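From first to last, the protein sequence lines are chains A and B. Position 49 of the first sequence, counted from 1, bears residue number 49 in our numbering, the numbering being contiguous throughout. Position 44 of the second sequence, counted from 1, bears residue number 142 in our numbering, the numbering being contiguous throughout.
Bear in mind the hints are in silico, worked out from the structure with no lab data behind them. All values reported here derive from a predicted model rather than from experimental measurement. Quick reminder that beta carbons are idealized off the backbone N, C-alpha and C, glycines included. Take the hints with a grain of salt, since some may be wrong.
What the hints assert, rightly or not - Cut-off 30 Å, straight-line C-alpha distance, at most; resulting in silico cross-link-like pairs (DSBU-like, lysine-lysine):
| hint | chain 1 | residue 1 | chain 2 | residue 2 |
| --- | --- | --- | --- | --- |
| 1 | A | LYS27 | B | LYS218 |
| 2 | B | LYS588 | B | LYS395 |
| 3 | B | LYS197 | A | LYS27 |
| 4 | B | LYS410 | B | LYS466 |
| 5 | B | LYS104 | B | LYS588 |
| 6 | B | LYS113 | B | LYS218 |
| 7 | A | LYS90 | B | LYS395 |
| 8 | B | LYS188 | A | LYS90 |
| 9 | A | LYS90 | B | LYS197 |
| 10 | B | LYS372 | B | LYS588 |
| 11 | B | LYS410 | A | LYS27 |
| 12 | B | LYS410 | B | LYS395 |
| 13 | B | LYS372 | B | LYS188 |
| 14 | B | LYS197 | B | LYS372 |
| 15 | B | LYS430 | A | LYS27 |
| 16 | B | LYS339 | A | LYS90 |
| 17 | B | LYS113 | B | LYS213 |
| 18 | B | LYS430 | B | LYS339 |
| 19 | A | LYS90 | B | LYS410 |
| 20 | B | LYS213 | B | LYS104 |
Stated by the list, open to error - Chain B stretches covered by chain A per the calculated footprint, using a threshold of three residues with CB under 8 Å from any CB of chain A:
| hint | stretch |
| --- | --- |
| 21 | 434-447 |
| 22 | 467-478 |
| 23 | 571-585 |
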Amino acid sequence: MSAISREDLVHLAQLAHIEMSDAELDKMTGELDAIVGAIASVSEVASSDIPATSHPIPLTNVLREDVVGQTLSIDDVLLNAPDSDSDRFKVPAILDGE
Amino acid sequence: MNELIKLSAAELAAKLRAGETTSVEAVQAHLDRIAEVDGTLNAFLHVNAEEALAVAAEVDAIRAAGGAEAEALHPLAGVPIAIKDLIVTKGQPTTAASKMLEGWMSPYDATVIEKIRAAKLPMLGKTNLDEFAMGSSTEHSAYGVTRNPWDLGRIPGGSGGGSAAAVAAFEAPLALGTDTGGSIRQPGAVTGTVGVKPTYGAVSRYGAIAMASSLDQIGPVSRTVLDSALLQELIGGHDPKDSTSLPQDLEGLVAAAQTGAAGDLSGVRVGVIKELQGEGYQKGVQARFNESLELLKNAGAEIVEVSCPNFKYALGAYYLIMPSEVSSNLAKFDGVRFGQRVLPTEGPLTIERVMGATRAAGFGDEVKRRIILGTYALSAGYYDAYYGSAQKVRTLIQRDFDAAFEQADVLISPTAPTVAFELGANDNDPVAMYLNDVATIPANLAGVPGITVPGGLSEGLPVGIQFLAPAYEDARLYRAGAALETLLEKQWGHTLISQAPAIDTASIAQEA
Numbered sequence: 001m002s003a004i005s006r007e008d009l010v011h012l013a014q015l016a017h018i019e020m021s022d023a024e025l026d027k028m029t030g031e032l033d034a035i036v037g038a039i040a041s042v043s044e045v046a047s048s049d050i051p052a053t054s055h056p057i058p059l060t061n062v063l064r065e066d067v068v069g070q071t072l073s074i075d076d077v078l079l080n081a082p083d084s085d086s087d088r089f090k091v092p093a094i095l096d097g098e
Numbered sequence: 099m100n101e102l103i104k105l106s107a108a109e110l111a112a113k114l115r116a117g118e119t120t121s122v123e124a125v126q127a128h129l130d131r132i133a134e135v136d137g138t139l140n141a142f143l144h145v146n147a148e149e150a151l152a153v154a155a156e157v158d159a160i161r162a163a164g165g166a167e168a169e170a171l172h173p174l175a176g177v178p179i180a181i182k183d184l185i186v187t188k189g190q191p192t193t194a195a196s197k198m199l200e201g202w203m204s205p206y207d208a209t210v211i212e213k214i215r216a217a218k219l220p221m222l223g224k225t226n227l228d229e230f231a232m233g234s235s236t237e238h239s240a241y242g243v244t245r246n247p248w249d250l251g252r253i254p255g256g257s258g259g260g261s262a263a264a265v266a267a268f269e270a271p272l273a274l275g276t277d278t279g280g281s282i283r284q285p286g287a288v289t290g291t292v293g294v295k296p297t298y299g300a301v302s303r304y305g306a307i308a309m310a311s312s313l314d315q316i317g318p319v320s321r322t323v324l325d326s327a328l329l330q331e332l333i334g335g336h337d338p339k340d341s342t343s344l345p346q347d348l349e350g351l352v353a354a355a356q357t358g359a360a361g362d363l364s365g366v367r368v369g370v371i372k373e374l375q376g377e378g379y380q381k382g383v384q385a386r387f388n389e390s391l392e393l394l395k396n397a398g399a400e401i402v403e404v405s406c407p408n409f410k411y412a413l414g415a416y417y418l419i420m421p422s423e424v425s426s427n428l429a430k431f432d433g434v435r436f437g438q439r440v441l442p443t444e445g446p447l448t449i450e451r452v453m454g455a456t457r458a459a460g461f462g463d464e465v466k467r468r469i470i471l472g473t474y475a476l477s478a479g480y481y482d483a484y485y486g487s488a489q490k491v492r493t494l495i496q497r498d499f500d501a502a503f504e505q506a507d508v509l510i511s512p513t514a515p516t517v518a519f520e521l522g523a524n525d526n527d528p529v530a531m532y533l534n535d536v537a538t539i540p541a542n543l544a545g546v547p548g549i550t551v552p553g554g555l556s557e558g559l560p561v562g563i564q565f566l567a568p569a570y571e572d573a574r575l576y577r578a579g580a581a582l583e584t585l586l587e588k589q590w591g592h593t594l595i596s597q598a599p600a601i602d603t604a605s606i607a608q609e610a
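Hey, can you work out the whole structure from these sequences and the hints?
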């Protein structure tokens, strides 16, 4: 398994929406390399005849009646918003260069 | 030290019922203790004095009035409790120990909090943790480390170091924790307290800020096995708001703890997991573990050795599955609807760049590491090799458990490979930090329940003994755990926690 290069990390940080400084990128490249090295052993035993388990306790899908339950008031919802305008969340521009 | 704070939850509850003390006195005694020692320990991120005293006064008034309402009080009514700050509460801030949620006030209560309110347990406050529960030492909190009451230079374990330290330091008789890879049990082990990870789904996770949804579980933290059983019976049960909640209630937990406390394990088969001892486990830890086995044998238990050959892959599988789920669960912290919003210092002001700046400023290093690692494990070209393989290992670990539970009723191992290490010891070595959870992680991957009970001291620091049981069989943990607790205390002539040194509040500068 290939290690994570600095270029890979730049790409991953973009995907994860985390801005990273050069110093952070340098430090984390080494750390991730060590972590991936320590966990890569899982592929040793994962042969094709073994089914995957996504969830520890098998449960079937849970449905409920389509009725209105307890909901939060607009005031409660907007209480923690970084910015809002009347009854809405206010966000910066979605697209660059208006 | 006020004698009220030394009581177990069950003892305090009995005194409250008998009218020998009041809930207001008990809550005040714990608040006084927090005021005395928490500037040094930093177990609490928020102290909820006013509301706790009001709830206590309400319970006292109901008891004083007598009648049907007093009769209907929950057995733990009036007994104070501390809440891990990963669990959302109305009226108190919830931060997950992250800058991202600084000042955030939940508009709703977690289901476990609703149950605690309904049973009228005064909530003392919110306890410290590793940011978003990611860590094994509580050093990754954005609000400062919590110190181990046994040795102020050492870690209290993690991620629930605050809850464990609060209970160990007599700041609270009960606390709530969450356990994704050992975050209740490992802090319990290194602070000489009891902690239980129930069967996955036995306690609702609605309102626990999600870290890794297929692994997370809320559970009790206490100083005695009986107290954990009492608390799990209170917080457990089906919850329609959590679609992974078990349909059935797990019953008989308190009764099992009471049975176990007689110290007789005749006919109980205890399986020693070959792979969770020896190399990597400190000598003192192994010695206390072996002594516990001897006691269990003398109490009638049949000791058998079981092999779980795939456990050696558990840590690898965990550090693929958990970060993958983390990268998804923490995507919601985007600076739009709640939490911090940080604007980029230069360039165009678009939502994408605001997200990048917000998450850069709001998350600490360990959280960033795990999000990036999860993003990597889930990315095209690596998914099968990493996430896919890890899910197969999960199947193998479940099979190991199935085979082991054919030979044994409960399994046993040391809870953690070492005693509490010194603050800062693993700062630059995330892999070494991850190894702390080697014995606790298999239970989360398989969904089975686990308990840690104090097993003695090594070089003056607590060692934890872990029992594991099949899914739904949490009662077996309480029976075995209470039996070992009784046997050890009989041998020592005292509880382990009574041996904890006085907290030297002068040695560490008050941080608050």
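The hints, checked one at a time:
Between A/LYS27 and B/LYS218, the direct Cα distance comes to roughly 49 Å. Violation of the 30 Å bound is thereby established for this hinted pair. For the hint linking B/LYS588 to B/LYS395, the alpha-carbon distance of about 15 Å falls within 30 Å, and the restraint holds. Proposed proximity of B/LYS197 and A/LYS27 is supported: the alpha carbons are some 22 Å apart, at most 30 Å. Using a Cα cut-off of 30 Å, the hinted pair B/LYS410 and B/LYS466 holds, with the two alpha carbons roughly 26 Å apart.
At roughly 19 Å between alpha-carbon atoms, B/LYS104 and B/LYS588 fall within 30 Å of each other, so this suggested pair holds. Proximity of B/LYS113 to B/LYS218 is assessed by CA-CA distance (about 16 Å); at most 30 Å being required, the pair is judged to hold. Between A/LYS90 and B/LYS395 the CA atoms are separated by roughly 65 Å; this puts the pair beyond 30 Å, and the hint is violated. A hinted pair counts as satisfied when its Cα atoms are at most 30 Å apart, and B/LYS188 with A/LYS90 qualifies at roughly 24 Å.
For the hint linking A/LYS90 to B/LYS197, the alpha-carbon distance of about 21 Å falls within 30 Å, and the restraint holds. A C-alpha spacing of about 28 Å is found between B/LYS372 and B/LYS588, which places the hinted pair at or below 30 Å, so the restraint holds. Our distance criterion of 30 Å between C-alpha atoms is met by B/LYS410 and A/LYS27, whose separation comes to about 28 Å. As the CA atoms of B/LYS410 and B/LYS395 are separated by approximately 27 Å, the hinted pair is consistent with the 30 Å bound.
For the proposed pair B/LYS372 and B/LYS188, the alpha carbon gap of about 46 Å is over 30 Å, so the pair is violated. Pair hint B/LYS197 plus B/LYS372 does not hold up; C-alpha atoms about 42 Å apart against a cutoff of 30 Å. Distance restraint check for B/LYS430 and A/LYS27: the Cα-Cα separation of roughly 26 Å lies within the 30 Å cut-off, and the hinted pair is therefore satisfied. Between B/LYS339 and A/LYS90 the alpha-carbon distance is near 29 Å, which keeps this suggested pair within the 30 Å criterion.
For the proposed pair B/LYS113 and B/LYS213, the alpha carbon gap of about 22 Å is at most 30 Å, so the pair holds. Taking the CA atoms of B/LYS430 and B/LYS339, the gap is about 19 Å. The hint holds against a cut of 30 Å. In summary, the hint linking A/LYS90 to B/LYS410 is not supported, as the alpha carbons are separated by about 49 Å, beyond the 30 Å threshold. Straight-line distance between C-alpha atoms of B/LYS213 and B/LYS104 comes to about 25 Å, which keeps the hinted pair within the 30 Å bound.
Coverage of the stretch 434-447 of chain B by chain A holds [criterion: at least 3 residues with CB-CB distance below 8 Å; count 10]. As drawn, the stretch 467-478 of chain B meets chain A at 7 residues by the rule of a beta-carbon pair under 8 Å; at three or more, the given contact holds. As drawn, the stretch 571-585 of chain B meets chain A at 0 residues by the rule of a beta-carbon pair under 8 Å; below three, the given contact is violated.
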